[in-house]
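Student: Read off the chains here:
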Amino acid sequence: MKTVFINCSPKKRFCASAYFLFLQRLFTGGKKVSEKLRTPADHARILDQIRDAQAVVFGVPLYVDGIPSHVLRFLMEMEAFCRQNGLHPRIYCVANNGFIEGKQNEPLMQSFEHFCTRAGLAWGGGVGIGGGVMLNVTRILFFVDVALLLVNTVLSVANTGNFFSKDAWISFGENAALLLYFNLGVLFFLARMGSAIRAGRAFGKKYTRILIPSFVFILFADIFFFIISLFEGGLFRGWLAKKKYQE
Amino acid sequence: MTMKVILHDLDSAQDEWIASKCDRTIRADGKYAPCQGCFGCWTKHPAQCFMKDSLRQVCRVIGQADELVIITKNLYGEYSAPVKNVLDRSIGTSTPLSVYRGRQMHHTLRYGKHRLWKVIVYGEITEAEKETFRYRAERNALNDGFERSETVFLRDPAELEAIL
Chain A
1 MKTVFINCSP KKRFCASAYF LFLQRLFTGG KKVSEKLRTP ADHARILDQI RDAQAVVFGV
61 PLYVDGIPSH VLRFLMEMEA FCRQNGLHPR IYCVANNGFI EGKQNEPLMQ SFEHFCTRAG
121 LAWGGGVGIG GGVMLNVTRI LFFVDVALLL VNTVLSVANT GNFFSKDAWI SFGENAALLL
181 YFNLGVLFFL ARMGSAIRAG RAFGKKYTRI LIPSFVFILF ADIFFFIISL FEGGLFRGWL
241 AKKKYQE
Chain B
1 MTMKVILHDL DSAQDEWIAS KCDRTIRADG KYAPCQGCFG CWTKHPAQCF MKDSLRQVCR
61 VIGQADELVI ITKNLYGEYS APVKNVLDRS IGTSTPLSVY RGRQMHHTLR YGKHRLWKVI
121 VYGEITEAEK ETFRYRAERN ALNDGFERSE TVFLRDPAEL EAIL
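Going down the list, the sequences are from chains A and B.
Residues 1 to 247 in this note's numbering are what the first sequence spells out, letter by letter.
Residues 1 to 164 in this note's numbering are what the second sequence spells out, letter by letter.
Honestly, the hints are just simulated from the structure, not real lab data.
Errors might be hidden in some of the hints.
To be verified - Straight-line alpha carbon distances no greater than 25 angstroms define the calculated DSS-like cross-link-like pairs of lysine-lysine that follow:
no., chain 1, residue 1, chain 2, residue 2
1, A, K206, A, K103
2, B, K4, A, K242
3, A, K11, B, K52
4, A, K244, B, K31
5, A, K244, B, K4
6, A, K244, B, K21
7, A, K2, A, K205
8, A, K242, B, K52
9, B, K4, B, K31
10, A, K242, B, K44
11, B, K113, A, K244
12, A, K244, A, K32
13, A, K244, B, K130
14, A, K11, A, K32
15, A, K244, B, K73
16, B, K130, A, K103
17, B, K73, B, K21
18, B, K44, B, K73
19, A, K12, B, K44
20, B, K4, B, K44
21, B, K31, B, K113
22, A, K11, B, K130
23, A, K206, A, K2
24, B, K31, B, K73
25, B, K21, B, K44
26, A, K242, B, K73
27, A, K11, B, K21
28, A, K103, B, K113
29, B, K130, A, K12
30, B, K31, A, K12
31, B, K73, B, K4
32, A, K206, B, K130
33, A, K205, B, K130
34, B, K31, B, K21
What the hints assert, rightly or not - Negatives, chain B to chain A, calculated, CB over 10 angstroms:
no., residue
35, T25
36, P46
37, K52
38, G77
39, E131
40, V152
Every value quoted in this text rests on a predicted model; they were computed, and no experiment measured them.
Cβ atoms here follow ideal geometry from the backbone N, Cα and C, with glycine treated the same way.
Between the sequences and the hints, there should be enough to build the whole structure, so can you do that?
Tutor: This is the structure we're talking about:
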């Protein structure tokens, strides 16, 4: 069985869609191929991979309550390609958005379902994830946590000659457990969808989110954008102003 | 004074009479780049895209609209790709800060409240796609701070003149 994973984020690096597709790959068996869809130049290469695939998993960021425009262009071409070649891979979707509610991905999911109907493909369903950007940050924090463990271990060897620093490992374990907790809903549904992909059956639509209270999420999201805007300078260029159109 | 903006994907021959029905038109001709998802229009140069094409300041036009009319061909219950491209590039109508609206998280509005988000859909469409379009328009209106949404379905764009 061959599954093609298509990362539909237009970003060159560090995108949430890549993170969720990485997790989805872990739960999917058989031959796995990963592709990136950013420009029309990617279309032919991806369509060629779909030719002998039994399943296709789209990793898509939510743009204005829907599918990003560069992905729509690809879907139109894929519809024609699948019809011309009599292809019928089952389609799955891992959608994510920056808001906390995974349910906000619903219009995007519905359009993927309509695409399948038009293209004569089987709709396998998908997982809609809220808090995608922040969940993506948790993977960075995990690597920071690992780096801190290594530094503490080196310091422990240098100071006491003891290779095993109990305090460092406890701190690492606590932080890793917290990051894992934030991701639990996503891991649960991606594991279940992986099982559906392996069995070649429909999964339905499921919605989940980062597991923190909404008011905490909004506070952190605002702080995140404040800091980014501070460093990028937008804060000093009329950050919240009603900008007028300049001819 | 209210401002009416029409965003459409019809051919250029329609431009003149559409312009006579509103204060400003945006023709979605597809001659521009898709959004790169950088958030620069929030964090680096507010309400302006780093890409120097015809959509660079499109959020400033849409943001000022009291009434936004979107004329689009149906594509899977979604806007056509050129129209969606314009909308994707217009998130600078909001700010990066968040707020609860309609019991869900949304971004705060750079230009305040608007009146009507109206979508006129033409082309062949199924009943299921119509439902999705109505739902999508409601979601768009809520996210972009429009008081209400309206969705109209036409078999042929020639019927437009009667309803604009």
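Student: Hint by hint, note whether the structure agrees.
Tutor: Taking the hints in turn, this is what the structure says about them:
no., hint, in the structure
1, K206/A x K103/A, "holds (8 angstroms)"
2, K4/B x K242/A, "holds (18 angstroms)"
3, K11/A x K52/B, "holds (18 angstroms)"
4, K244/A x K31/B, "holds (23 angstroms)"
5, K244/A x K4/B, "holds (16 angstroms)"
6, K244/A x K21/B, "holds (22 angstroms)"
7, K2/A x K205/A, "holds (22 angstroms)"
8, K242/A x K52/B, "holds (20 angstroms)"
9, K4/B x K31/B, "holds (23 angstroms)"
10, K242/A x K44/B, "holds (15 angstroms)"
11, K113/B x K244/A, "holds (16 angstroms)"
12, K244/A x K32/A, "violated (49 angstroms)"
13, K244/A x K130/B, "violated (35 angstroms)"
14, K11/A x K32/A, "holds (22 angstroms)"
15, K244/A x K73/B, "violated (30 angstroms)"
16, K130/B x K103/A, "holds (20 angstroms)"
17, K73/B x K21/B, "holds (19 angstroms)"
18, K44/B x K73/B, "violated (34 angstroms)"
19, K12/A x K44/B, "holds (18 angstroms)"
20, K4/B x K44/B, "violated (29 angstroms)"
21, K31/B x K113/B, "violated (30 angstroms)"
22, K11/A x K130/B, "violated (31 angstroms)"
23, K206/A x K2/A, "holds (23 angstroms)"
24, K31/B x K73/B, "holds (17 angstroms)"
25, K21/B x K44/B, "violated (35 angstroms)"
26, K242/A x K73/B, "violated (31 angstroms)"
27, K11/A x K21/B, "violated (38 angstroms)"
28, K103/A x K113/B, "holds (24 angstroms)"
29, K130/B x K12/A, "violated (35 angstroms)"
30, K31/B x K12/A, "holds (22 angstroms)"
31, K73/B x K4/B, "holds (20 angstroms)"
32, K206/A x K130/B, "holds (22 angstroms)"
33, K205/A x K130/B, "holds (20 angstroms)"
34, K31/B x K21/B, "holds (24 angstroms)"
35, T25, "holds (13 angstroms)"
36, P46, "violated (5 angstroms)"
37, K52, "holds (13 angstroms)"
38, G77, "violated (5 angstroms)"
39, E131, "violated (8 angstroms)"
40, V152, "holds (18 angstroms)"
The structure fails to meet hints 12, 13, 15, 18, 20, 21, 22, 25, 26, 27, 29, 36, 38 and 39 from the earlier list, while all remaining hints are met.
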